[in-house]
Amino acid sequence: TQLLKQSPQFLSIQEGENLTVYCNSSSVFSSLQWYRQEPGEGPVLLVTVVTGGEVKKLKRLTFQFGDARKDSSLHITAAQPGDTGLYLCAAINDYKLSFGAGTTVTVRA
Amino acid sequence: NAGVMQNPRHLVRRRGQEARLRCSPVKGHSHVYWYRQLPEEGLKFMVYLQKENIIDESGMPKERFSAEFPKEGPSILRIQQVVRGDSAAYFCASSPDRVAIKLFFGSGTQLSVL
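Keeping their order, the protein sequence lines are chains A and B.
All residue numbers for the first sequence refer to this note's numbering, where the first residue is 1 and numbers rise by one.
All residue numbers for the second sequence refer to this note's numbering, where the first residue is 1001 and numbers rise by one.
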């Protein structure tokens, strides 16, 4: 099982600010996913990255996959209260997902 | 959450009772996965099932836990003789094939053991 470390554990910012959360592993990811989970709900897939150096944009969210495929980041520009949630990264291994512990993001109005 | 239905949403049990968690996958999906989320921890894989078959139960405790996905009806995760440490959110996910690239998660069942 691949161990993923997410940082920071908690992040609280003001509406309109930018934020970045990180996901790191000691071993190479074959492919990686980012999810957002709201309280009392299941995780919802945001993006899948498979190629080292890949950058994907989803509106105000930018996802990067490190060249060595051992790290990934999620950057949110001009955060809004609706971005509040638990952000999880997950490494894909065939049919299994190995999740990090997540970063809890709170965006204050 | 794209059609994966879990019930009940909340389940309260006393120590020693049985808990039954149900999951109806997205229509047409024959691959079901159960994950458990403990407070302050990420989701942990428990079991992977296809219709009538358990493919991988390596993440499921050997004692008291069982899972099934019958030919007809929902997948069931059964926990016998629950203990306080079983308190967690249990999530079911489904996919159209065995690769985890596109999993749809349900809203989960929050199990509380008194």
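Derived by calculation from the structure, the hints in this document are not laboratory data.
It is possible that some hints are incorrect.
[To be verified] Negatives, chain A to chain B, calculated, CB over 12 Å:
no., residue
1, K96
2, F99
3, G100
[What the hints assert, rightly or not] Okay, derived cross-link-like pairs now, DSS-like style, lysine-lysine, Cα gap no bigger than 30 Å in a straight line:
no., chain 1, residue 1, chain 2, residue 2
4, A, K56, B, K1071
5, A, K96, A, K56
6, A, K70, B, K1071
7, A, K96, B, K1051
8, B, K1102, B, K1071
9, A, K5, B, K1102
10, A, K5, B, K1044
11, A, K59, A, K5
12, B, K1051, A, K59
13, B, K1071, A, K96
14, A, K96, B, K1044
15, A, K5, A, K96
16, A, K70, B, K1102
17, B, K1071, A, K57
18, B, K1051, A, K56
19, A, K70, A, K56
20, B, K1051, B, K1071
21, A, K59, A, K96
22, B, K1062, A, K57
23, B, K1051, B, K1102
24, A, K70, A, K5
25, A, K59, B, K1071
26, A, K70, A, K57
Heads up, the beta-carbon is just placed ideally off N, CA and C, and yes, glycines get one too.
Status of each hint after checking the structure:
A cut-off of 12 Å between C-beta atoms contradicts the statement that A:K96 is not in contact with chain B; the least separation is 5 Å. Look at A:F99: its CB is around 4 Å from the nearest CB on chain B, not clear of 12 Å, so calling it non-interface is violated. Residue placement check: A:G100 does not keep its beta carbon more than 12 Å from all beta carbons of chain B (closest about 5 Å). For the hint pairing A:K56 with B:K1071, the CA-to-CA distance comes to about 40 Å; that exceeds 30 Å, so the pair is violated.
The hinted pair formed by A:K96 and A:K56 meets the criterion: a straight-line CA distance of about 23 Å does not exceed 30 Å. As the CA atoms of A:K70 and B:K1071 are separated by approximately 40 Å, the hinted pair breaks the 30 Å bound. Note on A:K96 and B:K1051: the hinted pairing holds, with a Cα-Cα distance of about 18 Å set against a maximum of 30 Å. Between B:K1102 and B:K1071, the direct Cα distance comes to roughly 23 Å. Compliance with the 30 Å bound is thereby established for this hinted pair.
Only pairs whose Cα atoms come within 30 Å are accepted, and A:K5 paired with B:K1102 is accepted, the gap being roughly 22 Å. With a C-alpha separation of about 14 Å, the suggested pairing of A:K5 with B:K1044 holds against the 30 Å cut-off. Taking the CA atoms of A:K59 and A:K5, the gap is near 25 Å; set against the 30 Å cutoff, the hint holds. A threshold of 30 Å between alpha carbons decides the hint, and for B:K1051 with A:K59 the separation of about 38 Å lies outside it, so the pair is violated.
Restraint check for B:K1071 and A:K96: the C-alpha separation of about 23 Å stays at or below 30 Å, so the hint holds. Note on A:K96 and B:K1044: the hinted pairing holds, with a Cα-Cα distance of about 10 Å set against a maximum of 30 Å. A C-alpha spacing of about 17 Å is found between A:K5 and A:K96, which places the hinted pair at or below 30 Å, so the restraint holds. The hinted pair formed by A:K70 and B:K1102 meets the criterion: a straight-line CA distance of about 21 Å does not exceed 30 Å.
A distance of roughly 41 Å separates the Cα atoms of B:K1071 and A:K57; the hinted pair therefore is violated under the 30 Å criterion. For the hint pairing B:K1051 with A:K56, the CA-to-CA distance comes to about 35 Å; that exceeds 30 Å, so the pair is violated. Restraint check for A:K70 and A:K56: the C-alpha separation of about 17 Å stays at or below 30 Å, so the hint holds. The hinted pair formed by B:K1051 and B:K1071 meets the criterion: a straight-line CA distance of about 6 Å does not exceed 30 Å.
Among the hinted pairs, A:K59 with A:K96 is consistent with the structure: their alpha-carbon atoms are about 28 Å apart, no more than 30 Å. Note on B:K1062 and A:K57: the hinted pairing is violated, with a Cα-Cα distance of about 42 Å set against a maximum of 30 Å. Taking the CA atoms of B:K1051 and B:K1102, the gap is about 18 Å. The hint holds against a cut of 30 Å. Note on A:K70 and A:K5: the hinted pairing holds, with a Cα-Cα distance of about 11 Å set against a maximum of 30 Å.
Among the hinted pairs, A:K59 with B:K1071 is inconsistent with the structure: their alpha-carbon atoms are about 41 Å apart, more than 30 Å. Distance restraint check for A:K70 and A:K57: the Cα-Cα separation of roughly 20 Å lies within the 30 Å cut-off, and the hinted pair is therefore satisfied.
Hint violations for this structure: numbers 1, 2, 3, 4, 6, 12, 17, 18, 22 and 25, all remaining hints satisfied.
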